[in-house]
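Protein sequences, first through last, are from chains A and B. Just so we're on the same page, the numbering used here is the position in the first sequence counted from 1, plus 649. Just so we're on the same page, the numbering used here is the position in the second sequence counted from 1, plus 782.
Honestly, the hints are just simulated from the structure, not real lab data. Among the hints, erroneous ones may be present.
DSS-like mimics (lysine-lysine), calculated; alpha carbons at most 30 Å apart, straight line [stated by the list, open to error]:
1. Lys-701/A with Lys-886/B
2. Lys-701/A with Lys-943/B
3. Lys-855/B with Lys-694/A
4. Lys-709/A with Lys-887/B
5. Lys-849/B with Lys-694/A
6. Lys-972/B with Lys-694/A
7. Lys-955/B with Lys-682/A
8. Lys-694/A with Lys-955/B
9. Lys-897/B with Lys-862/B
10. Lys-926/B with Lys-694/A
11. Lys-916/B with Lys-701/A
12. Lys-886/B with Lys-706/A
13. Lys-706/A with Lys-855/B
14. Lys-923/B with Lys-709/A
15. Lys-943/B with Lys-706/A
16. Lys-926/B with Lys-706/A
17. Lys-709/A with Lys-849/B
18. Lys-944/B with Lys-706/A
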Amino acid sequence: MSANAAVPFWRAAGMTYITYSNLCASLVRQCLKEPYRSESLTREKVHFNVSKWVDGKPEKPTLRTDTPE
Amino acid sequence: MAMAALRREGRRIAAPIISPRPINPLRSSIVPSEDQSFLGVRSVSTQIVRNRMKSVKNIQKITKAMKMVAASKLRAVQRKTENSRALWQPFTALLGDLPSVDVKKNVIVTISSDKGLCGGINSTSVKISRALTKINSGPDKECKYVILGEKAKAQLVRDSKKNIELCMTDLQKNPLNYTQVAVLADDILKNVEYDALRIVYNKFQSVVQFIPSISTVLSPEVVEKEAEAGGSLGELDSYEIEGAETKSEILQNLTEFQFSCVMFNAVLENACSEQGARMSAMDSSSRNAGDVLDRLTLTYNRTRQATITTELIEIISGASALEG
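All chains should be built: construct the whole structure from the sequences, respecting the hints.
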């Protein structure tokens, strides 16, 4: 099984399972044929604001948008 | 004739008793006191009431439109939500949902909306989060917040600023999808240390019913500990593990995936509840606007009628004075 060999590598690269599975999913979406491809690519859109709070103060928010990584 | 005399009489009697500023505007028009009313003004101005009626009518139009928008958005989200329920159910069957688990590092993920005008769903989830903090706080335990949405942030900043770790907003610019929530869940996992993640959201039951709910995701270590202790997780050892992975690796992957799936469902459920709550809130506010409008119309018509009656009386009494 190829997945078994890959496990340590992505984990060692600092990815979580979520990132890994998202990458795989996005690869599968890229492989689709045209009418389905663009339709499924719209389900990949990412957009949100994250701000970390330190000692009760928000830090500058970072915008996560469109394709992950 | 008699009327005019009576009025003159009444005025003479009332003059010292009534304060110079008559409270009733209707009266001031019938008996114009020289220093107050403008010259030639004979009746109450209905301009203000008319303006108010117009504004209430406009508000009603707006709330009706917002209700329509919420209803159409709800339909799309509701379908997604109902489909997404299948995602977390296997996890609950496998790893269980242990809201009563007692661990050191608690992270409470409060899910709320970015926009207001949707009834009490945001305050409910904030209330539940506060209660959870109270239950899970102790001398050697800590409780942190991860907040999704502007509204819960605004409420939680007031009293538990120090405990906020992460804040995420503007989720609903695009229609919600799994990729987005997964990236978000990933961000949460990377930025907080946790033994148990408790996700607070409003579960969508029907358009008028939302149940505040908690989903618990345990860290792999805690899952292992619980499995050893037996209980509902005791059966975990009876599963066969395929391939070369160890159990802790599997558990870590599982927890991460469980978290993103549970988050996906929770975000959708909350979005669905938000639209439902907005729909019913807007429905009742358009109904209220209708009530206000009815009352205003009644007042307006009554005043108008009173003015007409007064004018008629004046004409008739004037005519009879001439005749008599």
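How the hints compare with the structure:
Of the supplied pair hints, the one linking Lys-701/A and Lys-886/B holds, its CA atoms being roughly 22 Å apart against a limit of 30 Å. A threshold of 30 Å between alpha carbons decides the hint, and for Lys-701/A with Lys-943/B the separation of about 12 Å falls inside it, so the pair holds. Pair hint Lys-855/B plus Lys-694/A holds up; C-alpha atoms about 18 Å apart against a cutoff of 30 Å. The suggested pairing of Lys-709/A with Lys-887/B holds, with an alpha-carbon distance near 26 Å, which does not exceed 30 Å.
A threshold of 30 Å between alpha carbons decides the hint, and for Lys-849/B with Lys-694/A the separation of about 27 Å falls inside it, so the pair holds. Of the supplied pair hints, the one linking Lys-972/B and Lys-694/A holds, its CA atoms being roughly 21 Å apart against a limit of 30 Å. Using a Cα cut-off of 30 Å, the hinted pair Lys-955/B and Lys-682/A holds, with the two alpha carbons roughly 27 Å apart. Simply put, Lys-694/A and Lys-955/B have alpha-carbon atoms about 10 Å apart, close enough for the 30 Å limit, and the pair holds.
Distance hint between Lys-897/B and Lys-862/B is fulfilled; the C-alpha atoms sit about 20 Å from each other, no more than 30 Å. In summary, the hint linking Lys-926/B to Lys-694/A is supported, as the alpha carbons are separated by about 29 Å, within the 30 Å threshold. Proximity of Lys-916/B to Lys-701/A is assessed by CA-CA distance (about 23 Å); at most 30 Å being required, the pair is judged to hold. With a C-alpha separation of about 24 Å, the suggested pairing of Lys-886/B with Lys-706/A holds against the 30 Å cut-off.
For a cut-off of 30 Å, the pair hint linking Lys-706/A to Lys-855/B is broken: about 34 Å separates their Cα positions. Restraint check for Lys-923/B and Lys-709/A: the C-alpha separation of about 29 Å stays at or below 30 Å, so the hint holds. Of the pairs offered as hints, the one joining Lys-943/B and Lys-706/A holds, with about 7 Å between alpha carbons and a cut-off of 30 Å not exceeded. Only pairs whose Cα atoms come within 30 Å are accepted, and Lys-926/B paired with Lys-706/A is accepted, the gap being roughly 14 Å.
For the suggested pair Lys-709/A and Lys-849/B, the alpha carbons sit about 35 Å apart, so the restraint of at most 30 Å is broken. Distance restraint check for Lys-944/B and Lys-706/A: the Cα-Cα separation of roughly 8 Å lies within the 30 Å cut-off, and the hinted pair is therefore satisfied.
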